[in-house]
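Chains as they are written, first to last, in my numbering: chain V, 1 to 175; chain F, 176 to 557.
Hints are computed from structural coordinates only; laboratory data are not their basis.
None of these values were measured; they are calculated from a predicted model.
Here a beta-carbon is modelled for each residue, glycine too, at the ideal position from N, C-alpha and C.
Check the hints yourself; a few may be wrong.
Claimed, not checked - Derived DEER-like restraints, expressed as beta-carbon distance ranges:
(1) 540/F - 44/V: 27 to 33 Å
(2) 200/F - 123/V: 52 to 58 Å
(3) 117/V - 278/F: 46 to 52 Å
(4) 200/F - 76/V: 24 to 30 Å
(5) 76/V - 195/F: 21 to 27 Å
(6) 421/F - 117/V: 19 to 25 Å
(7) 339/F - 152/V: 24 to 30 Å
(8) 152/V - 505/F: 31 to 37 Å
To be verified - Pulled from the structure, derived: some chain F residues nowhere near chain V, Cβ distances all over 12 Å:
(9) 180
(10) 190
(11) 193
(12) 297
(13) 362
(14) 364
(15) 410
(16) 415
(17) 431
(18) 455
(19) 478
(20) 501
(21) 525
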Amino acid sequence: MIGASDAETLQRAKDGDGRAFERLIAPVLDPAFRLAMTMLNDRSAAEDAVQEAALKAWRKFGGFRAGSEMRPWFLAIVANECRNTRRGRWWNVLRLARAPERGAAESDVAARVDLDAALERLPPHHLLVLSLYYHLDMPISEVAKVLGCSEGAARQRVHRALAVLRPGLALEGEP
Amino acid sequence: MNPEERELRKALDARSGTPSPEFRSRLGRAFAAGRPPASWMPAVAAVAVFAVCAATIGVLVHARYVATPPRNAASGARLVTPGPTPTGLIPMPNVAWLDAPGGPVWVVVAYDHLYRSTDHGTTWDRRQLPPNTVVAPMVSAPFSFIDDMRGWVLAAGSPETQCNAQSSMVWRTLDGGAGWTALQTTGIAGAQCKDGITFVDETTGFVTAWDDNSPPTVYRTSDGGQSWTATALPNPPDFKPAQGGFELRAGWIRQFGDTLYLEASGHQEGESTDRAYVFKSLDRGASWSWMEKIPSPYVAMVTESRWLLLIAPGQSQETTNSGQQWHPYASDFNTDTPVGGPQVVFSDSLVGYAEGRAALQRTVDGGLHWERIQTPGTANSG
Chain V
1 MIGASDAETL
11 QRAKDGDGRA
21 FERLIAPVLD
31 PAFRLAMTML
41 NDRSAAEDAV
51 QEAALKAWRK
61 FGGFRAGSEM
71 RPWFLAIVAN
81 ECRNTRRGRW
91 WNVLRLARAP
101 ERGAAESDVA
111 ARVDLDAALE
121 RLPPHHLLVL
131 SLYYHLDMPI
141 SEVAKVLGCS
151 EGAARQRVHR
161 ALAVLRPGLA
171 LEGEP
Chain F
176 MNPEERELRK
186 ALDARSGTPS
196 PEFRSRLGRA
206 FAAGRPPASW
216 MPAVAAVAVF
226 AVCAATIGVL
236 VHARYVATPP
246 RNAASGARLV
256 TPGPTPTGLI
266 PMPNVAWLDA
276 PGGPVWVVVA
286 YDHLYRSTDH
296 GTTWDRRQLP
306 PNTVVAPMVS
316 APFSFIDDMR
326 GWVLAAGSPE
336 TQCNAQSSMV
346 WRTLDGGAGW
356 TALQTTGIAG
366 AQCKDGITFV
376 DETTGFVTAW
386 DDNSPPTVYR
396 TSDGGQSWTA
406 TALPNPPDFK
416 PAQGGFELRA
426 GWIRQFGDTL
436 YLEASGHQEG
446 ESTDRAYVFK
456 SLDRGASWSW
466 MEKIPSPYVA
476 MVTESRWLLL
486 IAPGQSQETT
496 NSGQQWHPYA
506 SDFNTDTPVG
516 GPQVVFSDSL
526 VGYAEGRAAL
536 QRTVDGGLHW
546 ERIQTPGTAN
556 SG
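Start from the sequences and build out the full structure, keeping to the hints where you can.
Structure below.
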């Protein structure tokens, strides 16, 4: 959440001060990039997605409400950019070229390759919720804000994504 | 946390990474350059739709109460866009759109900067897009020129969920982008996302539309863009359309002689890549018939019989019999685009242009060798 001490920076950013906006967005760039990487599994694509998201956020920052949380707001924009990227037709051309290859016959390697392949095939909305919860370690309340749904619905989406990823993969505790 | 959850975390970590200092620095420079312009397209499209409806009602009322036939209300007023303001370099462009209708080459950089070159991309002059127009990111062919003066822009609003609907309007210029006229179009439905506009001469043009749950639509005009008629694409024998993202999507349209060619592709359940096809029309686009299956939607037609699929050295392919057989092609073409795909267009059998991540390339030997050329408005000098 933007604290009172940041109120002046926030106002300057809303007024169009690029340096102020950069200061506000800097702490969320890292999780945004990690989210884009897990969603797209490609550094250049992730950079493009975060860049587009950052410029869109900058463009519409005038409408950012004081008191809102920056991280879920920005991650929702990044997630949308990643979804757009994966909808592109070129994405499918590239996916074929870098399909994971099976290496040694050891079972753990094979299992890992299977999991990687399953993640690659996972529809973006399932991958998004797993990335937010398991990779960025976001609390379910914040996951819900990124997804724009209730906490209960966010919990359900985590379970559903796990079920699609690998039937039988169970959570130890409730998210 | 159970072992499987740990495995999942490890697998997600393995896909992850951190942004490079160069990337952070580039972003910082972009923010320092000032806030990018907001897109007014949805509002402009809504106003245009309202204006067209009002004009239509007005004409009908007029026709009913006055015994004289309504004048052919063709278009809105011609608007002259204010000249370019010196704003320096475009910050961090990562996308551009190309069109090369014979001699000149046109490019839109970073959604809202239009340029024209009449010397094969060596030098560029800034032209203007229609007022308050920003190219919609998901539109694959937002503009079409037939020479160095006459062109059309397809301006699209925000798409609804699953591309159920998207407003659009068509602009036309006759003076190389100095002034634009909003055409009062009829026949283009609000349904579906609009994907591209292509004109093959001053009267015949096409707008393609798609969504995940219904067949694609190819709108055709034969009066320069005012009235449009929807045409359908037949399904190729091995393509089974289904709702939920398994429908065809029309792509590029090219003309050679009296024959028109159209690319369309779509996803089939359980397959990792799209199936792509070329369709053919012998009646100026009034009807289309399936012609050939192609290895990728990103095939570029160099001539009527010679087509290229340019990906990267060692991966490119060529056909010299209109897609019946493909063989490896030793082109040095390469692209660093991870998204959007490279656009490749040929203005004749030798000269062609490609775009990937806003970097432009040119070939003058039919696609064998490529050289980087300047992306106008940017520091990228090739």
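Exclusion check [residue 180/F not at the chain V interface, CB over 12 Å] | 6 Å, violated
Interface exclusion of residue 410/F relative to chain V, criterion Cβ beyond 12 Å = 18 Å, holds
For residue 478/F, which was marked as not at the interface, is the minimum beta-carbon distance to chain V over 12 Å?
-> 23 Å, holds
Nearest-CB test (12 Å) between chain V and residue 455/F = 21 Å, holds
Taking the minimum C-beta separation from residue 297/F to chain V, is that value above 12 Å?
-> The claim stands: residue 297/F keeps its Cβ more than 12 Å from every Cβ of chain V (closest is about 28 Å).
Is it true that residue 152/V and residue 505/F lie within 31 to 37 Å of each other by Cβ?
-> 58 Å, violated
Is it the case that residue 193/F keeps its Cβ farther than 12 Å from each residue Cβ in chain V?
-> 6 Å, violated
Hint says 24 to 30 Å; check whether the CB-CB distance for residue 200/F and residue 76/V agrees.
-> At 25 Å between Cβs, range holds.
Minimum Cβ-Cβ distance from residue 501/F to chain V exceeds 12 Å = The claim stands: residue 501/F keeps its Cβ more than 12 Å from every Cβ of chain V (closest is about 15 Å).
Regarding residue 421/F and residue 117/V, is the given constraint of 19 to 25 Å on their beta-carbon distance met?
-> With Cβ atoms ~22 Å apart, the hint holds.
Verdict for residue 339/F, residue 152/V (Cβ pair) under range 24 to 30 Å = 27 Å, holds
Minimum Cβ distance from residue 362/F to chain V greater than 12 Å, as the annotation requires | 27 Å, holds
Going down the numbered hints, you'll see the structure goes against 2, 8, 9, 10 and 11, while the others check out.
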